[in-house]
Each structure stands twice: as structure tokens, then as C-alpha cells.
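Spelled out from the first residue to the last, the chains are:
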Amino acid sequence: MNLAAAAFAAALLAAAAAAVTAGMPERRPVVAAGTRGGRRSVAATSAVDRRRSAARSAADRRRSAAGASSSGRWRAVVAGGFGAVSGLAAVVAGVAAMAGQTWSLDLPGVLPLAGVRLVADPLGGLFVAVTGAVAVAVAVYGIGYPAHRPVRAAVPLFVASMLLVPVAASVGTFLVCWELMALASLLLVVADHRRRPAVAEAGRWYAVMTHLGLVAILIGLVLFAAHAPSDSFAALRSAAGELSPAVRGLVFVATLAGFASKAGIVPLHAWLPRAHPEAPSHVSALMSAAMVNLGVYGILRVGFDLLGVGTGWWWLLVLGAGALSAVYGILQAVVSTDLKRLLGYSTTENLGLVLVGVGAGGMFAVAGNHLLAGLALVAALLHVVNHAAFKTLLFLSAGSVLRATGTRDLDRLGGLRARLPATTGMFALGALAASALPPGNAFVSEWLLLQGLIHGLPVSGVATAITMPVAVAVVALTAGLAVATFVKAFGVGFLARPRSEEAERAAESPPSMIAGMAVAGLACVGLAVAPAAVLPGLARAAGVADRSAGEPVAGAVTLRLTAVAGSLSPLLLVIALAAAVAAVLAGLRLAGAGLARRRARLWDCGAGPLSPRMEYTATSFAEPLQRIFDDVLQPELDVDVTHARESAYLVESVEFRRRVPDRIERRLYEPVLAAVQAWGRAGRGLATGSVHRYLGYGFSALTALLIVLAVTR
Amino acid sequence: MRLWRKIRRTGRVAEPAPPRAAHDRPLAPELRGSVQLRHVDAGSCNGCEIEISSAFGPVYDAERYGARLTASPRHADALLVTGPVTRNMAVPLRRTYDAVPEPKLVVAVGDCARNCGVFAGAYGVVGAVADVLPVSLEVPGCPPHPEAIVAALRELTDR
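In order, the protein sequences belong to chains C and A.
Numbering-wise, the first sequence is residues 0 to 712 according to numbering that gives the first Met the number 0.
Numbering-wise, the second sequence is residues 0 to 158 according to numbering that gives the first Met the number 0.
Read the hints as simulated data drawn from the structure, not as lab findings.
A hint or two may mislead.
To be verified - Facing chain C, a subset of chain A residues (Cβ under 7 Å, in silico): (1) ARG67; (2) ARG73; (3) THR95; (4) ALA98.
As the list claims (entries may be wrong) - Distance ranges between label pairs, derived from CB positions: (5) A:HIS144 to C:GLY607: 32 to 40 Å; (6) C:TRP602 to A:LEU136: 51 to 59 Å; (7) A:PRO133 to C:LEU587: 29 to 37 Å; (8) C:CYS604 to A:ALA129: 18 to 26 Å; (9) C:VAL650 to A:GLY10: 26 to 34 Å; (10) A:ALA129 to C:ARG657: 34 to 42 Å; (11) C:GLU651 to A:PRO133: 46 to 54 Å; (12) C:VAL650 to A:ARG93: 35 to 43 Å; (13) C:LEU570 to A:ASP97: 17 to 25 Å; (14) C:SER568 to A:GLY10: 56 to 64 Å.
Glycine included, C-beta positions come from ideal geometry on N, C-alpha and C.
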């Protein structure tokens with residue numbers, strides 16, 4: 000047993016220990032945290048507990064939910080420690096697998112019929128490492144985050160299931176792990192369903208979408224496995240060559256639909272901006288930074304590794320869906336006023352960019368240009384890693400804001416810089432990273448992606464010649480809108496004056512939450528200044544996908560592209576930028592030193608004091624952009640004028656409402672939902688409750704079947 | 000394109016510049032050549048505003064002498080105050096004056112701004128502009144002719 004396998008086993012054991020520690024029922028009645036949700040969870044809650052919870056007052060419940068008792072706090076610390084150890088072990092296991100320490104495990108007795116097969120290769124190792132790193136930050140953060148006991152117990156289970164998905168090496172194992180992951184995350188999404196009806200709705204959307212996705216993957220993989228001697232991935236890989244093109248295409252499209260819905264790709268994204276905001280914030284971080292990545296993993300594993308690259312239209316489809324999601328996601332994010340919904344749409348955008356890279360890599364690989372394919376794939380994988388780092392940071396700091404103020408509405412936040420200094424700093428770092436500007440880490444991956452797309456033009460083919468410039472434009476537009484989005488989120492949410500009492504009363508989060516954010520922040524800084532540290536591992540992971548990819552990027556400080564001319568030095572860029580800012584500030588200070596200064600009142604148009612109502616809100620900041628993209632977003636305006644009773648010329652009150660609905664949801668989902676509902680209502684007419692009628696149905700069905708058999712045989 | 004044709008057909012409507020008035024010394028040598036103005040209505044009947052806007056219109060074109068209206072006192076060199084100073088506007092007027100960076104001037108435009116005009120002694124009037132701020136230049140008239148306003152502005156810009 001080598002290091003990677005040992006570390007992986009340690010990660011699973013530590014996750015189990017964390018779940019058991021957090022899930023143990025309490026002895027003392029006051030500290031039995033959150034038995035309300037417990038009835039729904041896997042963690043068993045005794046009948047005694049339930050009776051006690053019914054008798055307990057609401058104040059007690061709130062106190063115990065916040066972990067106010069000392070024993071509850073200690074358990075949270077121990078569970079968080081186990082969770083962090085599990086994440087660290089997973090990082091070690093993933094990095095070892097990426098470094099070439101592959102292992103495999105065959106446990107035929109664990110699952111009936113299929114058995115369990117686990118194989119760790121560099122591609123799976125990358126996703127194990129990313130999930131583990133997110134889990135470390137989340138576990139540390141979770142110690143102080145107010146959550147119920149079932150949530151604390153289910154988080155390690157969710158992490159463990161996400162660690163198992165990338166190492167699953169047979170269709171049966173993969174589907175079981177995938178479903179385990181979906182169920183664990185569903186449990187976490189609906190944690191708050193009693194308190195807010197929106198949570199229950201989000202949970203329903205998520206449950207339906209994720210299971211439809213599972214069905215699509217199931218159909219694809221089972222169809223694939225039917226043409227192979229066994230259901231192990233090795234057997235599928237060798238059988239892929241003999242499949243007919245139609246079957247290969249069908250397998251790819253079915254699995255793509257399932258994996259894209261998990262990755263939140265348009266038009267299968269509808270669950271994501273609902274479920275991610277409604278889950279507890281550290282769970283949102285896990286879902287948005289780790290779980291959606293597994294959709295990308297699935298596409299890479301099935302499309303590249305198992306099916307062998309396939310044909311051009313597959314990857315054109317992937318690239319098109321990615322480009323659409325990138326633009327649509329960021330457009331919805333820029334007009335969103337809910338902080339966590341904004342981050343959820345930003346996930347759709349970033350995963351869209353990743354799929355642009357994956358699609359471009361596939362197209363290059365089909366055209367036979369493996370160096371460029373490697374470059375595009377490495378750019379996509381680096382963006383996965385970067386996105387995981389900054390989205391963890393952003394969701395964790397949004398959770399800190401939510402804990403302190405109780406609201407996610409940007410129009411009611413503001414003025415948090417003085418009240419939550421650490422959270423503000425962390426969110427600023429995350430926003431900088433997410434807006435793809437030079438000192439941030441997303442810049443490096445988007446630069447690599449753009450290099451791949453721009454240099455892809457000489458690759459022959461009409462599709463490439465048309466797609467690549469469009470993709471470049473999409474990436475550029477997305478980067479610009481992302482800057483506007485995060486300027487809005489940071490400027491309106493954290494700066495200026497508080498817009499509501501909740502924001503005014505906000506208090507900084509406990510140190511464990513800040514430490515969790517700091518872990519993610521360090522990862523962001525590290526990836527921004529030294530992306531070269533992870534690039535060889537990414538190149539090896541891309542090598543699993545496209546076996547003749549080679550190493551597309553070389554160099555330690557300066558990244559040099561081997562396939563095409565181009566180099567970038569993130570560290571020197573950061574240093575130069577910092578030096579330039581310092582020089583400008585020093586220059587201004589020097590230039591202003593000799594001039595006379597006068598203290599003057601802040602200019603408020605000569606009138607009374609400025610009030611928070613005069614500030615820019617998230618809605619007003621995004622208004623020009625909403626106006627520009629009016630045709631795409633189609634906002635709904637609603638003006639209600641109430642006239643005075645005496646005369647229609649006198650106005651008593653005016654009510655103005657504006658919302659930007661998800662247009663794809665309106666056009667695509669609502670008709671389907673309405674049709675299903677109509678079908679159900681029509682079906683109700685068949686079942687009247689009359690036994691005679693049911694016997695009649697049975698008789699006529701049997702007769703019809705017999706007639707059909709008699710005619711066809 | 001229609002705008003372009005209109006511009007070509009109309010041609011130049013600005014009246015020829017009258018000769019420069021002779022001064023012994025400019026009011027503010029630092030502001031010579033270019034003066035940014037912030038207009039404050041301290042309680043005017045809007046007669047003076049109409050004349051000011053026509054002084055900055057195409058016919059009198061005060062901008063060719065280097066005077067320009069700005070939107071904020073922070074960008075201004077001088078205030079253009081019209082009307083008698085009413086009680087409600089006394090504090091905002093003083094604050095506006097405080098917001099203008101040094102060196103700064105105040106121009107009182109119209110009879111009301113100079114000596115309260117017909118509103119002298121009214122219950123809502125604090126006094127003339129000179130009672131609230133140090134005035135450096137006055138433009139008489141009720142309302143003053145655009146030519147008079149332009150002449151006063153030329154005195155500021157010294158052009």
C-alpha cells in the first residue's frame with residue numbers, strides 16, 4: 000500500500016470520525032442541538048430527544064443551535080479538527096496521485112453484483128486534492144458557524160462521498176458514489192426548510208434536477224457498459240473503439256447532460272442559483288467549489304478518457320454550452336441583489352469558462368494538435384482549481400456576513416468595513432481573485448485559456464475558424480462583466496454606510512470562521528503568485544484525458560508556453576503592480592506635500608446630512624448594465640399607481656417593482672412544468688376510486704396485450 | 000446626419016465680440032483666461048436664470064471668453080449668485096461658498112442679489128448677497144441684459 004492510498008484511507012476514516020463526533024446524540028437536554036432537522040437526517044435521533052425538543056422553548060433552541068454550551072462547542076472543535084485532518088489527508092492523497100503514485104483497490108464483496116472498484120490516477124487525484132483543500136477550509140470554518148447537529152454530521156459524509164467519486168473506477172461504484180453525493184448535499188440544502196419556505200422549494204428543484212441528471216448519466220453509462228465485457232472503466236476504455244458512432248454519440252450526449260446539470264451549465268442550471276444560496280454557507284462553499292467540479296470531471300473522464308476523444312461536434316457542443324453559460328451566468332450575477340445568489344450565478348459563469356477550455360481542448364485534440372489541446376485542458380483545470388479557491392473564500396465570507404446581519408440582500412447591507420474588518424478583507428481578496436484582473440489568480444487561468452483560443456485559429460477546420468474568435472469574445476465580455484459584478488458586490492455590500500439596522504448592528508465572526516476564510520485566502524494568494532507549482536500536476540492530469548498532450552506550460556517564475564509563443568510571469572506582475580501603486584501613492588503624497596490644505600465639509604449639495612438612502616444600491620449600480628442588456632435579460636417592471644378618491648389627477652401612492660427573472664427558466668422550464676401538471680390533472684380523471692373501473696382497466700390491458708402477442712407472434 | 004446639415008445650414012449665430020473694456024488691474028490675476036462658475040439660486044424669481052442661460056447660449060456665447068458653468072462648487076472658481084438670500088438658502092449658500100477652493104470670487108447677478116430689489120424687507124429674506132458673502136462683482140438690472148452678464152464675466156476672465 001503506497002502513500003496515496005494510505006492518505007486516502009486516512010481521509011475517509013477521519014471524515015467518518017468527524018461525522019460520528021458531530022452526530023452523537025447529546026446527554027444534556029439543553030444542548031441537544033437542532034433536533035428539529037434531526038428527524039429528517041440519517042443521524043439517528045432518539046424518541047426521548049424528540050420529546051424533549053418539543054418541550055424546549057425557542058430561545059433554548061436558538062442557543063443550542065449556535066453551539067452556546069461548552070460541551071457542544073468542544074464537540075464542534077473536535078469534529079472540525081477531524082474534518083480538517085480528513086481534508087489534509089485527501090490533499091496529500093490527491094497530490095500523491097497527481098505525482099504518479101497510482102493505486103487501485105478491488106472490493107468485490109462490498110456491493111452486491113458489481114462490487115467496488117477504486118483507481119486513483121492523476122485526473123482523479125486532482126479532483127480529490129481540490130475537494131480536500133476546500134474541505135479543510137470548510138471544516139475549520141464550520142467550528143464557529145451556527146449549524147444544527149445533523150448539518151455538522153452530514154458535512155463530513157458529503158465530503159467523503161465527493162472524495163470517492165473521482166476514484167470510482169466502475170460504472171456501479173461511480174453511480175453509487177454519485178448518488179451518495181447527491182443525497183448528502185440534498186440533506187444539507189434542506190437543513191433550514193422549516194424556517195424558510197424558499198429552502199423547501201430550492202430542495203425540491205435540486206432533488207428533481209439532480210435525479211434527472213443521475214438518470215441521464217445512468218442511461219449513458221449503462222448503454223456504454225452493455226457493449227463492454229464488464230462495467231469497470233478499464234473494460235469500457237478498451238471497448239470504446241468498437242462502438243458504433245451513433246452509440247458513442249448517444250453515450251456522450253446523455254452523460255454530458257447529466258454532468259452539465261451537476262456543473263450548473265445553462266440551460267440545466269435552474270437548481271444552482273436556488274440551492275446554493277439556501278444551503279448553510281459552508282455547505283454552499285462545498286457545493287460551489289467542490290461538487291460542481293465533479294461535473295467537469297465526469298465530462299473529462301467519459302468524453303476524453305473512456306470514449307477516446309470522439310468527434311468534433313461533441314466538443315463544439317461542450318464549448319457552445321460553456322460559452323452560453325459564461326455569458327448568461329455573469330449577466331444574471333451582475334443584476335442580482337442577493338449576495339449568495341450572485342455567487343451562485345458566478346459559479347455557472349466560471350464553470351462555463353472551464354467548459355470553453357474543455358471544448359476547445361477536445362476540438363484541438365480531434366484536429367490532431369495535441370500541444371494546443373493540452374494547453375486548453377491545463378487552462379481549464381487551472382481555472383477549476385482557481386475557482387475552487389476563490390469561490391470557497393467568497394461563500395465563506397458571505398456566510399460570515401449572513402451570520403452577522405441575518406440578510407443576504409445587498410440593498411440592505413453596506414458599511415461592513417468598520418464592523419467586520421476581517422470578513423471585508425477576505426471578501427475583497429476573493430472579489431479581486433474572481434474578477435480576473437492581474438493580481439488575482441483567475442487572471443492566470445483566463446490568460447492561458449485566451450492564449451489557447453487565440454492560437455487555435457491556425458488549426459484547420461471551418462468550425463474552429465468560426466468558434467475560436469467567438470469564444471475569445473465571450474471570455475473577454477465575461478471578464479469585463481465579472482469586474483462589474485464584484486465591484487458591485489464589494490462596494491455596495493461592504494463599503495459606504497449601513498443601509499439597515501441589521502447591518503449597523505453587525506459584529507465580527509468568531510476566530511475559527513476567520514481562520515477558515517484565511518485558509519482559502521492563502522490558497523488564492525499562493526495560486527496567484529506561484530501557479531507554476533500546480534501546473535506540472537495539472538499537465539499530468541490533462542495527460543490522462545488526452546494521452547499525447549505533453550507539458551504545455553514550462554518555467555517556475557515565468558510561465559512559458561511550449562506550444563505557441565507567449566510567456567507570463569505572475570509573481571513579477573504582482574510585484575510590479577504593487578510597486579507601481581506604491582510609487583503613485585508616494586508621488587501624490589510628495590506632490591501634495593508643499594500645498595496648503597484646508598479642512599472642508601463633505602459636499603452634500605449644501606443641504607442636510609447625507610443619509611444611507613442616498614447611496615448607490617446594488618439595483619441602481621446594475622441599472623445601466625441592465626438597460627444595455629435589456630433584450631437579453633428582459634426585466635419585468637410593474638408600476639402601480641393608486642389615485643386619491645376625490646380625483647384621478649391626484650396620486651395617493653406609487654408602487655414600483657422590478658425583478659429580473661431567469662429567462663431560460665421562464666421559457667424552458669415553466670411550459671414543461673405546466674404540461675406535466677396538466678397531464679397529472681388529466682390522469683386524475685382515470686382514477687375515480689371505482690373498483691369496477693380498475694378491474695375493467697386490468698381486463699382491457701390484458702386483452703390488448705394478448706391480441707398484440709397473438710398478432711406479432 | 001440631420002444635425003450635421005442643420006449645423007451647416009445655420010452657420011454661425013454668435014454676435015461679434017464687442018471690444019474689451021479697459022481695466023487698471025484684473026480682479027483675480029490667478030483666474031485669468033479661464034473661470035469655472037457655479038450658479039446658485041438663492042431665492043430668485045428665475046428672471047436672472049433665463050438671462051444667464053441666454054448669456055451662455057449660442058448668440059452671446061460667454062464660453063468664448065473663457066467662462067464656463069460647472070456642476071459642482073468643488074470644480075468652481077467663482078459663484079454666480081442670483082436673487083435675494085432667503086432664509087432657507089442662507090446656510091446652503093454659505094456651505095457652497097465654503098466648498099469652493101481658494102482663490103474664489105462671488106458675482107451677484109441682478110438687482111435682487113445686489114440690494115434685495117422688490118423683495119427688500121420681506122419676511123423670508125435674510126438680505127442681499129453681500130450681507131452673507133464677500134461680493135467682488137455686481138451686475139445691475141432686473142433682470143440684467145445678457146450683454147451685461149457677459150461684460151461682467153469678461154472682467155473676471157480678463158479676455
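Consistency of the hints with the structure:
Look at ARG67 of chain A: its Cβ only gets to about 19 Å from chain C, farther than 7 Å, so that hint breaks. At a threshold of 7 Å, the smallest CB-CB gap from ARG73 of chain A to chain C is about 6 Å, leaving the interface hint in force. Taking 7 Å as the C-beta cut-off, the interface hint given for THR95 of chain A holds, the closest approach to chain C being about 5 Å. Given hint, ALA98 of chain A at the interface with chain C, holds; its Cβ is 5 Å from that chain's nearest Cβ, closer than 7 Å.
Between HIS144 of chain A and GLY607 of chain C the C-beta distance comes to about 37 Å, which sits within the given range of 32 to 40 Å. Between TRP602 of chain C and LEU136 of chain A the beta carbons are some 24 Å apart, a value that contradicts the proposed interval 51 to 59 Å. Judged by the Cβ atoms, the range 29 to 37 Å given for PRO133 of chain A and LEU587 of chain C holds: they are separated by roughly 32 Å. The supplied range of 18 to 26 Å is met by CYS604 of chain C and ALA129 of chain A, whose beta-carbon atoms lie about 24 Å from each other.
Roughly 47 Å separates the CB atoms of VAL650 of chain C and GLY10 of chain A, a value that falls outside the hinted 26 to 34 Å. In this structure, ALA129 of chain A and ARG657 of chain C break the distance hint of 34 to 42 Å, their C-beta atoms being roughly 49 Å apart. The given range of 46 to 54 Å is respected by GLU651 of chain C and PRO133 of chain A, whose C-beta atoms sit roughly 48 Å from each other. Between VAL650 of chain C and ARG93 of chain A the beta carbon distance is about 36 Å. The supplied range of 35 to 43 Å therefore holds.
Taking 17 to 25 Å as the suggested C-beta distance range, the pair LEU570 of chain C and ASP97 of chain A does not conform, at roughly 49 Å. For SER568 of chain C paired with GLY10 of chain A, a C-beta distance near 59 Å keeps the hint of 56 to 64 Å intact.
Consistency note: the structure conflicts with the earlier hints numbered 1, 6, 9, 10, 13.
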